[in-house]
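Spelled out from the first residue to the last, the chains are:
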Amino acid sequence: MTSDATSSSQDRTHTGATVAHVHDSPFIRAPEGARTVFLTTVLAVCGPLLGGIVMFGWRASMTAALAIASCVITERLYYRVTRIPALLGRSHSVLTGVLLALTLPAFVPWFVPVVAGAFAIIVGKAVFGGVGHFVWQPALVGRLAVAVLFPALLTVADARFEGRQPVLAQNRLLVGDVREAAYGNDTAPWRGRAAPNRKDAVLLTPPTRILRGLTDRKSPAYSALVQRPADQPDAKPAGLLQMPPMENLFYGARPGGLGETCILLLIVACLYLAYRDYLKWELPLSMFLAAWITVAVAPIYLAGPNDTVRTVWLPILSQEGLAAALTYVNYQTVSGGLALAITLVSVEMTSRPVTAGGQVLLGVGCGVLAMLLQLYTTIPIPCLMAVLAMNTLTPTIDRLWRPRVFGTKYFAFLRGK
Amino acid sequence: MIFRRYGMFTGGIELPDEKRPTIDRAIEVATRPQRLLVPLAPCGGAPATPTVATGDTVSPGQRIAIAKDQTGVDVFAPLAGQVAGIVTVTVPEWGGFVESPAIEFTDLSAPTDLAPSRGEDGGLPERGFNWKDASEDSLLARLAEGQLATHRVRPQPLMTWLSRARDQKCRWSIVNVMDQEPLVSSDHRLLSEFGPEIMEGLAIIARLVGSPNKIVAADHRRTSYYEACGAPAERFGVTQIALPHKYPIGADTILTKVITRRETPPGETPFAVGAAVLDAATCLAVYQWVVHRRHLLARVVTVAGPHTARPGNFWTPFGTPCADLAALTAGPGSGSAAGEPTLIHGGPMAGTVCDARAVVTPATNAVLSLEAARTPLPGPCLRCGWCTDHCPARLNVAALNDAFELSLVDRARLGGALACVECGVCSYICPARLPLTQRVKQLKRRIVALRRASEAPPAIGSDKP
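For the protein sequence lines, the chains are A and B, in the order given. Going left to right, the first sequence walks through residues 0 to 416 as numbering that gives the first Met the number 0 numbers them. Going left to right, the second sequence walks through residues 0 to 464 as numbering that gives the first Met the number 0 numbers them.
Since the hints were derived computationally from the structure, they do not count as laboratory data. Please note that the accuracy of each hint is not assured.
Claimed, not checked - Result set (DSS-like, lysine-lysine): computed pairs, CA atoms no more than 25 Å apart in a straight line:
(1) B:Lys440 x A:Lys408
(2) B:Lys168 x A:Lys279
(3) B:Lys67 x B:Lys245
(4) B:Lys168 x A:Lys408
Please construct the entire structure, taking both the sequences and the accompanying hints into account.
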């Protein structure tokens, strides 16, 4: 049918012109549109964001607000210039902003989220043509940009205690200022921890940094996982004894990005998205299993007597028993950014493959790469970088992995018929 | 009806049913139409040659046109009336309408006698022909004399259909009464009111096809309507199967897969795996002709939709203009400020916008007047993958959409586009509102055209060897 003068406003394109409509079957449509999808996802990811705001105080909400505002405003400005139709609408830029905020720590100066948001929208999304066309998850592009531009600002909260980052004490939650921080004991439980001498926060070592001593080949920091060997008088301490209690990591009482830390809320958000059919369970599960197996297999290095280095392949079968080995593997998988990468970042619609099998391929790649980067390199955000790297392969996976079509044989496409 | 557990298909979707206004109402006889435009090519193909001239008076069931070849069927006058002339109408084809000449009748009689004869209960015409004892050749000859057409989405002469089914040695004869489209309930009403007759028609067809398995597939939520089928089904050896209502289990290839566990290769019909799929109306027409030597000159059409004051199923003589049919039951709300309701031929999922000159043919199972909802502006594909998850043919619809946008027909062929059953699920579910079904249909058309072009023998006199 042709256009007519009585079209409602939603029938107008961005230039204000009415367009001709062709009536096509089906004449009924499912209620969920793209905007609903994005806004529901925003709702889901707001849970971990709120957790981060509670755990990191009002500066976290400032960082998040700046990231979201930067994304929305950059997208509006870019749209005013280029008029790319896929950039119309603000729901996806809000989603990008929230995801970006989840990856940023709370203590960064104001311009870091602003720059990250601008990079996310322009480099990550707009130059590819907007929603649905980008290759790399835009929030990760923004995060990578600031990780390269301001490496020190994102990792060093207090120059006196380099390598330590702040977490609010339990009595200063939500209202405290994370920059008012004092040295804290890494292994103390989070519950019942009070703020030291009129400060709001305690400075803790990121747990991945503690675990790094187990996989540093040149200078291993530990001689064992849990049991310091008795027959070595000059043995170094046991690695896992330096770690905070496991429940700290589940609540989120550890340094990291706003939404990275609270694993409980991340799992809830992921389950909600799965319930809404916005993600398939195959991708998170395969990614987690791949990461878990990688950690269980990849070697750790322990300091032996007389400055020797002992290489232990398959730490899951270590001499210290299965309990210690499982604790090690679980610490590795929960202490970094893996939970955020699995639950909310890798499952983002546009930058993952379409089919379930392709998603398993992507998940396995992401999990293995994330853990290898976390174990053996010093790059700042290993899990997110692994997802970003694997996003590059998504179009290839989409072309390679084809489910069997109704009425054809398996791998019929390989036979060319 | 016994609910036996059968296989299932992947994908599919739960649709809103919305049949409540019509599902319990008995089939009514439509009021006397002002005019009938009886198409001469109801099955497409070559139009039949008229045997009546302008001004002639015809009686119901009189032969008014003779088919030119095997692609058409003879045409019979549905009602008594006067020939007013030859006009051009459109008849539904796959996804659109094609023009066909038609004979216009005016001065029509009241359509009181349209409903088919009952079996033993109605008892009006004598059972003239004992098809069980007759030889197969005489039964075939009788059926060929009837010049029936199948009442499918794309009608074809019944004898053509039957010869293909016999060639393929089909082991299953399946009557598809799933009636899955929202709002539409014509097949359901037919089976609930003419169940014994449909069972007998199926038995006749299955005898001619030579298939040992006679199956009626219906929706498991509506089995209580079909209790009258029980005894005749037992007598004729028909298996009644109740299937879940996940859309599109009623698509022919999917239904065949669920019942026979054989998957139809892409681009083929269920004949390829030895299943002959029919519908209730065809069985009824076969029963009418073979047993009572009467033509079924009308089609049960569901008229429904939000703008309809009197929704229901109606015996509608062939050739009734769809617009007239909708006007019969139009309510006060139609044509108001909300805009003219859109007239849909067929169901809301797989139907088409009714052409202004469209008439009721054997393919018409519903004429719906829906809200004049405009097709929403499509956005960019989000790659959510819902189309791929819900596709009953397990197509990667997102990849096919890419192939469409890049005009890569060969990639679409390798992606299996020909397996598409055109159910409309992908368009229904797409959050970006992309017209995915239409795009895959276009790809199919182009694949078939390319294949024909490559297979066609070189024309005589061309330079090619």
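Going down the list of hints, with the structure as the test:
With a C-alpha separation of about 22 Å, the suggested pair B:Lys440 and A:Lys408 falls inside the 25 Å cut-off, and the hint holds. The straight-line distance between the Cα atoms of B:Lys168 and A:Lys279 is roughly 43 Å, outside the 25 Å bound, and the hint therefore fails. Among the hinted pairs, B:Lys67 with B:Lys245 is inconsistent with the structure: their alpha-carbon atoms are about 42 Å apart, more than 25 Å. Proximity of B:Lys168 to A:Lys408 is assessed by CA-CA distance (about 23 Å); at most 25 Å being required, the pair is judged to hold.
When each numbered hint is compared with the structure, violations occur for hints 2 and 3.
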